[in-house]
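We have chain A already, so just place chain B on it with the hints.
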Amino acid sequence: MDKAQLDQIIEKHRGDAGNLIHVLMEIQHENHWLPRDVLHQVADALEIPFSRVMRIATMYKTFSLTPKGRNEVHVCNGISCHLRGGKQVMEAVERVTGVKAGETDANWRFSLAAGACLGTCSLGPEVIVNGKHHARMTPAKVEEVLKEYP
Amino acid sequence: MTRLSSAAELEQLRAQILSSRDSAKPCIAVCAGAACHGLDSLQVANAFQAEVGKLGPAAPVEVRVTGCHGYCEKGPNVVINPQEICYLEVKPEDVPEIVERTLKGEVVERLVYAHPDTGEKAVHMKDVPFYKHQTRLLIGDNTRIDPMRIDDYLAVGGYAALAKALFEMTPDQIVDEVKKANLRGRGGGGFPAGQKWETAKSAAGDEKYVIVNGHEGEPGAFMDRALFTGNPHKVLEGLIIGAFAIGSHQGYIYTRHDSPQLVKHIEQALAQAREYGLLGENILGSGFDFDVELHFDVGIFVSGESSALMRSIEGLPPEPRPKYIRTSVAGIRDKPSNLNNVETWANVPQIIERGADWYASIGTAGSKGTKLVSLSGNVRDSGVVEVPMGTPLRTIVYDIGGGVAGGKAAKAVHFGGPMGGSIPASMIDAPLDFDELAKLGAPIGAGGLLVMDEDTDMVEVARYFLEWLTTESCGKCVPCREGMWQTMKVLENITKGKGRNGDIERLQDLNEVTGAACLCALGKTAADPLKSMLRYFKDEYETQIGRGSEVKGGEVVGSAAK
Chain A
1079 MDKAQLDQII EKHRGDAGNL IHVLMEIQHE NHWLPRDVLH QVADALEIPF SRVMRIATMY
1139 KTFSLTPKGR NEVHVCNGIS CHLRGGKQVM EAVERVTGVK AGETDANWRF SLAAGACLGT
1199 CSLGPEVIVN GKHHARMTPA KVEEVLKEYP
Chain B
2 MTRLSSAAEL EQLRAQILSS RDSAKPCIAV CAGAACHGLD SLQVANAFQA EVGKLGPAAP
62 VEVRVTGCHG YCEKGPNVVI NPQEICYLEV KPEDVPEIVE RTLKGEVVER LVYAHPDTGE
122 KAVHMKDVPF YKHQTRLLIG DNTRIDPMRI DDYLAVGGYA ALAKALFEMT PDQIVDEVKK
182 ANLRGRGGGG FPAGQKWETA KSAAGDEKYV IVNGHEGEPG AFMDRALFTG NPHKVLEGLI
242 IGAFAIGSHQ GYIYTRHDSP QLVKHIEQAL AQAREYGLLG ENILGSGFDF DVELHFDVGI
302 FVSGESSALM RSIEGLPPEP RPKYIRTSVA GIRDKPSNLN NVETWANVPQ IIERGADWYA
362 SIGTAGSKGT KLVSLSGNVR DSGVVEVPMG TPLRTIVYDI GGGVAGGKAA KAVHFGGPMG
422 GSIPASMIDA PLDFDELAKL GAPIGAGGLL VMDEDTDMVE VARYFLEWLT TESCGKCVPC
482 REGMWQTMKV LENITKGKGR NGDIERLQDL NEVTGAACLC ALGKTAADPL KSMLRYFKDE
542 YETQIGRGSE VKGGEVVGSA AK
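Residue numbers (our numbering), protein chains in the order written: chain A, 1079 to 1228; chain B, 2 to 563.
Looking at chain B on its own, in the form it has when it is part of the complex:
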């Protein structure tokens, strides 16, 4: 690999990569995203490599092991490019037939999508219901990229935005563009990224940091991993552009230690970017220096909170601090530190490349662009979904997700995991919008969408979330440590048929205190699922508490006996 020392050299390299490739040559993309990997898709990939290997070095077809395609429910996924023929639930024994038919330009009918009710088939990605209703600006490249090869990212136009930012724009212009695009943080809060950048940029001091928050600790959220594992350079490019805009020379990636592929792909991406001179000293000959260090969470949810995360990067216990001074002013080692989520950073290159006006034309008045959603729970087709902001939840759950699994009725839609909220299925026409959903009590959070069917016990769900959070709190502040525990105990009693009169008021009291007095968002929003449930499913709580009165002398009797 040669080190690139100008934008022209980058374009030369790109032209060279593209001319060495035949875009019409079939390419078999085997998904090795987390779910497909769990379903042994690497055996499928190996079978393809062996089969194509038999055709010799000049084989008229190639195999690429890629990141997550999205349709996790039907893994292992295989897509034949450039036509985007979609094969589902592929097994190693299907491989010879796929290769043989692909060489003849034919389709293996038995492996394509068939509608479970009508039997209607769909061959191409654009016709498969799961993909048809999506707008895949961020994750769409995943089927075209081997995450271990930077050349694949360059082949789809990668790092062009970085060159534009470095040579055609000033840092102020970049910040303005991100502000004008109204890019809002994808990690949970929905805080405007441009505003955060501006704070860090104008903060005093020369030493500043930029951070990718790839913690994604919320159960039921897996879209950041899909994006970061499948296309690490997209996130890295956004980070470098942000660093240049803010005036930072040191970046940090904070992510999970328990996903070996994720770690491998990020390490490889950093190494290859350094070799090409896209990272390190004098990036692309622009005079701008920037490098990145990799840090890991080793298993506690609170370390995804921004100030706790920064303590952890310093090697200290991940405990949040009060944020009357923002971390963008005083973060890591008290220096200005700008933290954004994986998906937020990944949005930056396209905003720079295609402009804020284009970006702002997608979405709603207050929420721009597309959003990645992890669709799971009692839904027929779970997976990673990307839709424009403003898309009705009905489209996500029914048109993309195929509705509720097992022919049951939907009861609720839950957003944002243990710090989110549930809304009844009757509100399913609500748009995917930061503000609209927050108003309804189900803030998008990071984008984990759970479908709950008619059999779901809402008291149990609230209890479950609190039980989970009590083990993930750092324990530094009393309202969080004790408040969540007491709330959980009240709920536990209700689920055991030991509810007492006044429990609802007790829960509301506790919610009020934890919401106001906890140090960080973990504690402050821990009661949010419960609050939303008391708003929409209060009768269920009352019924279960009512059953408690049937309990006599510690013996569970009548309908309360479970």
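In isolation and in its complexed conformation, chain A is listed as follows:
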């Protein structure tokens, strides 16, 4: 994400402390993580203490304070996926990617997240990679699916 684009998002909300969550969400969607210097810039623009920005940035699971890998893998751990074998799928994803939920591998290929629930329970257990749903997964299918994401 280039600096001009970032500035544009922040400028839109200048002086509006009530839009803190909104600004961070927009930056996260575009940039996939929240660098510290950007958070300082947000604090200055919205005229609020840096600590308040950090409090919001660390509270929500969507916000990441570390860079993400090329591919964001989301394994649903909602109850419906869980009942249909989501845990075994997660174990297989952990094995194939070599990382645990919340981590990114050394080659920046995968960032793994566990989360509930995207409301597509009929497709469970689900693995979502870069927004693309892979429905009715089994541990055996994991390797083949992740191969598509170099």
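These are computed hints drawn from the structure, not numbers from a lab. The structure displayed is predicted, hence computed values, not measured ones. The beta carbon of each residue, even a glycine, is placed where N, CA and C say it ideally should be. Treat the hints with care, as some may be off.
Derived coverage of chain A by chain B (criterion: at least 3 residues anywhere in the stretch with Cβ under 8 Å from a Cβ of chain B; other residues may be distant) [said to hold, decoys possible]:
id, region
1, 1100 to 1109
2, 1136 to 1142
3, 1146 to 1160
4, 1166 to 1179
Just chain B, lined up with the frame of chain A:
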């Protein structure tokens, strides 16, 4: 688009839209609800558009990309209107055949519903078992509406209730009608909406807010998204009527950030409503001003709690506050703020249009109208279901859902996600009713119904729910933060074969404290699944704890070795 400045102009526009459409012309509705979308239904939609496009601008058939039809298990769904021919699991390669046969007035037999056991086929929606037993007052329009086009909503009678409310009723009459209909909140508590409206209406001050809670953070619940994504104007119309009744000029929609379609459809609905003068200043020339802002949850369950949600709208961390003063008296920026769930708001237009008496004729003595249910878990046909209140759970699970998946037996039915409860399958004749199910220990909650089969480990389910909630609590109050954690640890030990004598009492003690001392409903009801399980499945807990005594010197031995 022209701005409408009276009820008559709205009706003129509606007549114009209807006269420009041929109601007999086949319309291919392709579902782009969350599940079908996940199954690449947009490729199917594109294939239809390309195929119909070949027929030129005067094609005798049209294509409409719609919201959720309901039968998620068999997606991508395609429905041919007006006959409501139902095609299931449609692939792009099926498209040319469907178009060709539709033009000839024929049916593609191989794509219609076939009963998995008997092979008996059903062509029309009204004959497909999944739909046959439903009463789809709220979600039924989804197959007729492209959520990106307000004209589609007007074509099915949209915003007529708003015109009636603005020009034929006083705010008091509207509140009375909603009270008389006995509309109860669909978000979890089942609190009477009319009573809440009245509190906000009579609260002091001129500045008041109305809020749509579209957070739907509970895992296994997806009906609000289906409704809101598929028919955003229905919710918006209810909200505007509520705002007029309460005397609010500013509304907020609080919803999920992680569903791009949902966000797109709501933004479009707001923009189109503004262009038509259904939102903004002087709505329909009535002199009533009202507008709506959109806010998002970015990933924590507690922010769906009403007072936490309101903090979040202010840009503050979503932490609940004690509610000895209701949010309908002091909510956002301490102004009266009336919050209702998506489904509650969506019920309002039909109550105004068809009257409280009609509405109250549906359902049971204490629970009126229909209820949307997200049916999932170990069930054969999962999806979004709408049935009248009072419908036996058996009808939902067996007649609509086709029973338990994989030919297994049902063990339990769970309502309300991590703050709900499980009842044994033997109680499956219980009616879908706020009070009846709460008495049994499985309150409806928002309407997420999970079927659990005979292989389900009930200790593990309780542990799972608590583990999930510990990461979704805000951590502000100690009983919630620590109580849930300790409860989860006890359960974890039991599932690992490290249960100890007295664990059940320890769990009951913890349940009592969290239930009484937590600040908000998240903590207060976090132990509810566990309580229901200790009520109905205690022997399973005792057996697993008993296994713990076989553990010697930290080594798991015998049957406890998993």
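Quiz item: What hints, given by number in increasing order, does this structure fail?
Solution: Violated: hint 4 alone.
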